[in-house]
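Peer 1: These protein sequences, in sequence, are chains A and B.
Going by our numbering, the residue at position 20 of the first sequence is 20; the numbering climbs one at a time, nothing skipped.
Going by our numbering, the residue at position 40 of the second sequence is 40; the numbering climbs one at a time, nothing skipped.
Just so you know, these hints were derived from the structure itself, not from any lab.
Be careful, since some hints might not be right.
[To be verified] Here are the simulated lysine-lysine pairs, DSS-like style, with alpha carbons at most 30 Å apart:
(1) A:Lys41 with B:Lys1
(2) A:Lys18 with B:Lys108
(3) A:Lys41 with B:Lys57
(4) A:Lys40 with B:Lys1
(5) B:Lys57 with B:Lys112
(6) A:Lys22 with B:Lys71
(7) A:Lys19 with B:Lys112
(8) A:Lys19 with B:Lys1
(9) A:Lys22 with B:Lys17
(10) A:Lys22 with B:Lys1
(11) A:Lys36 with B:Lys17
(12) B:Lys108 with A:Lys41
(13) B:Lys1 with A:Lys36
(14) A:Lys18 with B:Lys17
(15) B:Lys108 with A:Lys36
(16) A:Lys18 with B:Lys1
[Said to hold, decoys possible] Example chain A residues on the side facing chain B (calculated, C-beta under 10 Å, incomplete):
(17) Gln6
(18) Lys19
(19) Lys40
(20) Pro42
(21) Leu43
(22) Ser71
(23) Phe75
(24) Ser86
(25) Leu88
(26) Leu90
(27) Cys91
(28) Ala92
(29) Asn101
[What the hints assert, rightly or not] The calculated label-pair distances, taken between Cβ atoms and stated as ranges, are:
(30) A:Asn58 with B:Arg42: 41 to 51 Å
(31) A:Met15 with B:Ser53: 48 to 58 Å
(32) B:Asp67 with A:Glu67: 18 to 28 Å
(33) B:Glu15 with A:Pro61: 43 to 53 Å
(34) A:Arg9 with B:Leu82: 18 to 28 Å
(35) B:Leu14 with A:Gly99: 38 to 48 Å
(36) A:Asn17 with B:Phe52: 22 to 32 Å
Model, not experiment: these values are computed from the prediction.
Using N, Cα and C, we set each Cβ at its ideal position, and we do this for glycine too.
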Amino acid sequence: ETGVTQTPRHLVMGMTNKKSLKCEQHLGHNAMYWYKQSAKKPLELMFVYNFKEQTENNSVPSRFSPECPNSSHLFLHLHTLQPEDSALYLCASSQEREGFNTGELFFGEGSRLTVL
Amino acid sequence: KNQVEQSPQSLIILEGKNCTLQCNYTVSPFSNLRWYKQDTGRGPVSLTIMTFSENTKSNGRYTATLDADTKQSSLHITASQLSDSASYICVVESRWSNYQLIWGAGTKLIIKP
């Protein structure tokens, strides 16, 4: 139990569906992240929210839309995805301090997404 | 270009044996280096974070070393156990790029009884 909970753990969707991934952290952290992990590839940072403000968006296609309603919850809205978007989507949180290195990341168990 | 290379890609050893995983990086300017353990189908878990001034850091049977001059790190696992079977990922942070951790592709370690 890492203190970061992701739902659903597994999701299968068609290319025309709309679905959402949810992440909740119980650690009192002030930053949350979405990462994409494809087979045998390094983790790719998608979005970062620090103090609820989106601070990073690594050129992610608009079919992925993040939402951070408060510092404990993070969503990833999915719309008209492609088969190559099939991957493990990981949520993480950390405690950030101005002027310091990125804090230790605590990851959820991931949501395994399959796009048909 | 900032890169993190890990070797070997995969490794199989017998339970009880020791092993060493390697990480070479070209990230500059260097801020810190991290090792994560990722069990199959689960999220990564932090093992250690090393800054420029740290040469060695231990976490139980895991010992990480860092040579900032040659830009190399290693993760040594002593007396391996079946539960050590996982992917081990090396991650480097640059001092000037907030949140931009450079991730390696990982070494998949399999421990056989």
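Peer 1: If a hint holds in the structure, say so; if it doesn't, say that too.
Peer 2: Here is what the structure says about each hint:
Pair hint lysine 41 (chain A) plus lysine 1 (chain B) holds up; C-alpha atoms about 17 Å apart against a cutoff of 30 Å. Of the supplied pair hints, the one linking lysine 18 (chain A) and lysine 108 (chain B) is violated, its CA atoms being roughly 34 Å apart against a limit of 30 Å. In summary, the hint linking lysine 41 (chain A) to lysine 57 (chain B) is supported, as the alpha carbons are separated by about 27 Å, within the 30 Å threshold. Only pairs whose Cα atoms come within 30 Å are accepted, and lysine 40 (chain A) paired with lysine 1 (chain B) is accepted, the gap being roughly 20 Å.
With a C-alpha separation of about 26 Å, the suggested pairing of lysine 57 (chain B) with lysine 112 (chain B) holds against the 30 Å cut-off. Restraint check for lysine 22 (chain A) and lysine 71 (chain B): the C-alpha separation of about 38 Å exceeds 30 Å, so the hint is violated. Taking the CA atoms of lysine 19 (chain A) and lysine 112 (chain B), the gap is about 40 Å. The hint is violated against a cut of 30 Å. Between lysine 19 (chain A) and lysine 1 (chain B), the direct Cα distance comes to roughly 36 Å. Violation of the 30 Å bound is thereby established for this hinted pair.
With a C-alpha separation of about 41 Å, the suggested pairing of lysine 22 (chain A) with lysine 17 (chain B) is violated against the 30 Å cut-off. For the hint pairing lysine 22 (chain A) with lysine 1 (chain B), the CA-to-CA distance comes to about 34 Å; that exceeds 30 Å, so the pair is violated. With a C-alpha separation of about 33 Å, the suggested pairing of lysine 36 (chain A) with lysine 17 (chain B) is violated against the 30 Å cut-off. Taking the CA atoms of lysine 108 (chain B) and lysine 41 (chain A), the gap is about 12 Å. The hint holds against a cut of 30 Å.
Distance restraint check for lysine 1 (chain B) and lysine 36 (chain A): the Cα-Cα separation of roughly 21 Å lies within the 30 Å cut-off, and the hinted pair is therefore satisfied. Using a Cα cut-off of 30 Å, the hinted pair lysine 18 (chain A) and lysine 17 (chain B) is violated, with the two alpha carbons roughly 49 Å apart. As the CA atoms of lysine 108 (chain B) and lysine 36 (chain A) are separated by approximately 18 Å, the hinted pair is consistent with the 30 Å bound. Our distance criterion of 30 Å between C-alpha atoms is broken by lysine 18 (chain A) and lysine 1 (chain B), whose separation comes to about 37 Å.
Given hint, glutamine 6 (chain A) at the interface with chain B, holds; its Cβ is 8 Å from that chain's nearest Cβ, closer than 10 Å. Contact between lysine 19 (chain A) and chain B, as hinted, is not supported at the beta carbon level, the nearest pair being about 20 Å apart and thus beyond 10 Å. The criterion of a C-beta within 10 Å of any C-beta in chain B is met by lysine 40 (chain A), whose closest approach is roughly 6 Å, and the hint holds. Here the hint on proline 42 (chain A) is kept, as its CB sits about 4 Å from the closest CB of chain B, short of 10 Å.
Hint on leucine 43 (chain A) holds. Least Cβ distance to chain B is approximately 4 Å, under the 10 Å limit. Interface restraint check for serine 71 (chain A): the shortest CB-CB distance to chain B comes to about 16 Å, outside 10 Å, so the restraint is violated. Taken as an interface hint, phenylalanine 75 (chain A) does not check out: its beta carbon lies about 17 Å from the nearest beta carbon of chain B, beyond 10 Å. The criterion of a C-beta within 10 Å of any C-beta in chain B is not met by serine 86 (chain A), whose closest approach is roughly 15 Å, and the hint is violated.
Interface hint status for leucine 88 (chain A): upheld, as the beta-carbon distance to the closest one in chain B is roughly 8 Å, under 10 Å. Against a cut-off of 10 Å between C-beta atoms, the interface hint on leucine 90 (chain A) holds, since the closest Cβ of chain B lies about 5 Å away. Taking 10 Å as the C-beta contact cut-off toward chain B, the hint placing cysteine 91 (chain A) at the interface holds, the least distance being around 8 Å. Interface restraint check: alanine 92 (chain A) against chain B, minimum CB-CB distance 7 Å, threshold 10 Å, status holds.
A least Cβ separation of about 5 Å between asparagine 101 (chain A) and chain B falls short of the 10 Å threshold, and the interface hint therefore holds. Distance hint check for asparagine 58 (chain A) and arginine 42 (chain B): the Cβ-Cβ separation is about 23 Å, which falls outside the suggested range of 41 to 51 Å. At roughly 51 Å, the beta-carbon separation of methionine 15 (chain A) and serine 53 (chain B) lies within the given 48 to 58 Å, and the hint holds. Range check, aspartate 67 (chain B) to glutamate 67 (chain A): about 43 Å between beta-carbon atoms, so the 18 to 28 Å window is missed.
With their beta carbons about 44 Å apart, glutamate 15 (chain B) and proline 61 (chain A) fall inside the hinted range of 43 to 53 Å. Taking the beta carbon of each, arginine 9 (chain A) and leucine 82 (chain B) are about 24 Å apart, inside 18 to 28 Å as hinted. In this structure, leucine 14 (chain B) and glycine 99 (chain A) meet the distance hint of 38 to 48 Å, their C-beta atoms being roughly 47 Å apart. Taken as a hint, the range 22 to 32 Å is violated for the pair asparagine 17 (chain A) and phenylalanine 52 (chain B), whose Cβ atoms sit roughly 47 Å apart.
Violated hints for the displayed structure, listed by number in ascending order: 2, 6, 7, 8, 9, 10, 11, 14, 16, 18, 22, 23, 24, 30, 32 and 36.
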